[in-house]
Amino acid sequence: MKGLTRTHGRYSLVLAVALSLVVACGQLGLGSAPQPKAESAADFFKGKTISLVVPYGAGSTTDSGARIFASSLEEVTGSSVVVTNKAGGGGLDAWNSVYAAKPDGLSLVFGVTGPVPMFQMFEEPGVRYDTAKITWIGSFAWQPSALSIAAALPYKSMDDLRKSEGLIFGGSGKRAGPVLGAGLIIEFFELKGAKIVHGYASPAEIQLAMGRGEVQALISTPGSVRDGVTKGFAKPPFVILDFKRTDAFPDAPTLPEVLKLSSEQERILRVFASIVDQSRVVFATPGIPEDRVVFLRESFDKIMEKPDFLQQIQKFYTPWTGATKGKDLGVEMQKIMAVPKQEITKIDEIVNRYVK
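All the letters of the sequence shown, read from the start, carry residue numbers 14 to 369 under our numbering.
It is possible that part of the hints are untrue.
[To be verified] With a straight-line Cα cutoff of 30 Å, these simulated DSSO-like cross-link-like pairs (lysine-lysine) come out:
no., residue 1, residue 2
1, Lys319, Lys340
2, Lys315, Lys59
3, Lys369, Lys187
4, Lys338, Lys348
[Claimed, not checked] The following label-pair restraints were derived from C-beta to C-beta distances:
no., residue 1, residue 2, range
5, Asp106, Gly226, 38 to 44 Å
6, Lys205, Ala113, 47 to 53 Å
7, Lys369, Lys340, 26 to 32 Å
8, Lys340, Pro167, 45 to 51 Å
Bear in mind the hints are in silico, worked out from the structure with no lab data behind them.
Here a beta-carbon is modelled for each residue, glycine too, at the ideal position from N, C-alpha and C.
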């Protein structure tokens with residue numbers, strides 16, 4: 014029995030030593046096959062082809078901006094970028110196709126920000142995407158809406174304009190920025206006898222109508238307003254229909270600065286500012302792996318600081334108003350899409366009261 018005990022003891026000791034060696038080897042990475050290194054997001058995009066879809070025809074300002082952006086995107090990602098024009102449905106064809114694409118980060122849209130939530134909020138037929146679920150990469154060249162009046166009118170400020178009667182606003186489509194903005198101005202400032210005449214093809218055409226005396230006021234972007242001022246058709250803007258001023262006309266106050274808004278009016282203004290936002294935006298399919306989302310957003314941020322990109326892009330978008338990070342843009346879109354439906358229909362109701 015004693016011999017057996019000694020043998021058993023020696024066996025136990027040998028086994029314990031062997032197990033210790035196995036554990037030690039495992040900790041040192043010895044005796045096992047090397048594990049493959051996980052592919053980083055940068056590795057994934059390198060050498061791949063990114064499809065950058067533009068929801069407008071070739072030769073448009075947005076198309077030109079997309080091609081400048083594509084060149085820089087190739088540099089910072091190591092990918093090849095193919096720009097594809099997919100006009101149709103006012104942008105719906107492009108948005109729907111990218112939304113439904115494989116969630117690998119290789120399908121992007123380069124377009125205008127505001128119409129994306131607007132089409133969904135107003136339940137336009139053909140919408141097959143959820144704005145709140147879109148992967149937002151970033152936006153740039155923010156331009157708010159501004160109120161400008163005909164140069165021939167005697168008014169010099171919003172205080173003067175409140176005393177006007179029968180002011181005629183020019184507009185394009187019934188749900189385009191000039192018409193929606195005009196409805197808000199008439200309603201909020203209680204302009205007597207004011208109305209909206211829509212159907213003009215563009216802000217430039219409305220400015221010509223201002224010069225002829227057909228209309229007296231226009232809601233448009235600062236760039237468009239500046240063009241009207243330069244040509245002698247319009248005065249510098251009296252008010253910016255947003256919550257922050259624009260460097261294009263730094264002396265023009267925001268709407269909340271000249272009018273104390275009710276909580277409902279503030280929400281309506283916030284919705285309006287979002288759906289008429291003319292900034293250029295880049296977004297992608299929902300469900301992309303988080304590390305690739307981070308990589309795309311960081312790539313966008315790098316492009317927004319590239320001197321050669323800024324030099325080229327600012328020829329189309331002046332004054333340069335900077336960029337919005339994708340994460341911040343996504344948060345803002347979720348807030349907008351959470352607005353109750355009755356407040357969306359309220360905008361339609363306001364506009365319908367004044368459209369003639």
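Hint check:
| no. | hint | verdict |
| --- | --- | --- |
| 1 | Lys319 - Lys340 | holds, 20 Å |
| 2 | Lys315 - Lys59 | holds, 16 Å |
| 3 | Lys369 - Lys187 | holds, 11 Å |
| 4 | Lys338 - Lys348 | holds, 16 Å |
| 5 | Asp106 - Gly226: 38 to 44 Å | holds, 40 Å |
| 6 | Lys205 - Ala113: 47 to 53 Å | holds, 49 Å |
| 7 | Lys369 - Lys340: 26 to 32 Å | violated, 43 Å |
| 8 | Lys340 - Pro167: 45 to 51 Å | holds, 47 Å |
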